Amino acid sequence: MDGVLRPGFDVTRIRQDFPILSAPTPRGKPLVFLDSGASAQKPRQVIAAMTRCMETAYANVHRGAYNLSEVATESFEAARGAVAKFLNVADSREIVFTRNSTEAINMVAHGHGRGVMRAGQAVVVSEMEHHANLVPWQMLRDAGRGIELRVCRVTDAGELDLAHLEDLLADGRVGLVAVTQMSNVLGTVVPAERVVALAHAKGALVLFDGSQAAVHRRQDLTALGCDFYVFTGHKLYGPTGIGVLWGRLALLEAMPPLYGGGDMISEVTLERSLWAPVPAKHEAGTPAIIEAVGLHAAIDYVNAIGFDAIEAHERELTEHAMAKLSAVEGLSILGAAQDRGGVFAFSLDNAHAHDLSTLLDRAGIAVRAGRHCAEPLHTRFGLDGTCRASFGIYTTIEEVDFLADALGHARKFFA
Amino acid sequence: MFDDLRDLYQEVILDHGRKPRNFRRLENATHHARGDNPLCGDRMELFLAMEEDGKIADAAFQGRGCAISMASASLMTETVRGKTPAQARALGNAFRGLAMTGTCPDCGAELADDMERLSPLSGVHEFPSRVKCATLAWHTLNNALDDNQEDARSE
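These protein sequence lines map, in sequence, to chains A and B.
Take 1 as the starting number for the first sequence in UniProt numbering and just add one per residue.
Take 1 as the starting number for the second sequence in UniProt numbering and just add one per residue.
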């Protein structure tokens, strides 16, 4: 194995950046980590940046008039700037730091859904949403504010049914289309530009859950033209505890804040308070300072590799996996979208997903088993659960081969 | 490749997992309960028919789940027949201990034969995330005996 897929993308060198990939394992077998879609591993550049922040540049932000607090504030705001650049948006005030994608979606469901949307309006989600982009909208529907929830179907191939989306938009009452940009189960990459065009034509705003997509594809929100976008740091090789809500400035300004507290106010009396300008209004309390620094380092890390190389590597892995896994007897892969990324949910005809994941674990392969926080999607395809392999920048062709080989052995084991 | 997993997936388990015994509805059931582990997707419905002397005359189940959960339910329906509710509960307690630790030091002579039959499941104690698969049926049994119509859970 030379590990070199192409000039500029040296997967062997990339793997050396991730200490956990060479850490000792319980049975001495190399870790084959195929659960990056749930949470990715961390490169030492991210670990070092966070350690450095704590060891040399840490204090609370936006408060102290002393040097250390100013230094910490600078690094925190630099992270915001890096996120804005990462998403290609011009105004970093439109970047709100959250705990994760889930919190970001809840902030929109609360702030925009309850504070701005009117009775009689509807929200559209799809059948392939992660629970994070379904439950907050169910809560909004059930809040007694007359907001309807509509669900766009997914085709048998696992693609967003755009004809159905058009039907759902037809009456002009949809205020917001909130859909995933890439399914965490099917690997389907949604035609985002088309969704924006259809929604905007009917006066609806668009929120994309970019939790998976932001890791695998370059994002340019200025070109895409959506209205809200969320993603999370820990899937992007960054730390847990930090996510991002991007929204158009006017939308973020119109949204009432979800949380009240310090840092989000401009004036407080015992009777009332005035909100601080965006984004501070939406960032009550001490933020995840160290994690923001870690996210900045993660963005620098993937930018240094470059999305051209990341996308090409993933395309090669995905095509290879499709061919290899399709050849495993008795294995079915969920979804067959034309445009798909490195996420494969599958089931064996003679083994339950949990039995299968226990076997694969014994071979050192970490896959997820269950419904992957997308129970309605499994119901739609008539499945109790599946195993899921999801790839990261450190995933190799050899690991995919090893998975396919292990699945063949597993089928014999349960025969 | 997986030979060392034969301790967990013994032939008895694979056999009962593939062809669960007493896998049917009991039309004359006097007790009934459901078990559901929503995170992993194991679910089952348990039926008991009690005799007038208070013993379990028949036990059967239906459901879907992994080999461990199906085999455990299958073996349970075989072992609880002829037992009083108190005996069945005591066996369930002993089994949960076996599933969690791999041994049952306090199991007396009266439980020895049944524990021997259930012992192929003792391998789960080395797989903390799978213990719940083996114990779901026994939690469901307790709910059936208590006439508790809430779904039993073990996760």
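Note that these hints are calculated values from the structure, not bench results.
Here the structure is a predicted model, which means the values were calculated and not measured.
One should not assume that every hint holds.
Calculated cross-link-like contacts (lysine-lysine; reagent style DSBU-like; alpha-carbon spacing at most 35 Å) [unchecked claim]:
(1) B:Lys55 <-> A:Lys412
(2) B:Lys19 <-> B:Lys55
(3) A:Lys324 <-> B:Lys55
(4) A:Lys85 <-> A:Lys412
(5) A:Lys412 <-> A:Lys324
(6) A:Lys412 <-> A:Lys202
(7) B:Lys55 <-> B:Lys83
(8) A:Lys29 <-> B:Lys19
(9) A:Lys324 <-> A:Lys202
Exercise for the section: Any hints from earlier that this structure breaks? Give me their numbers in increasing order, please. Expected result: 1, 3, 4, 6, 9
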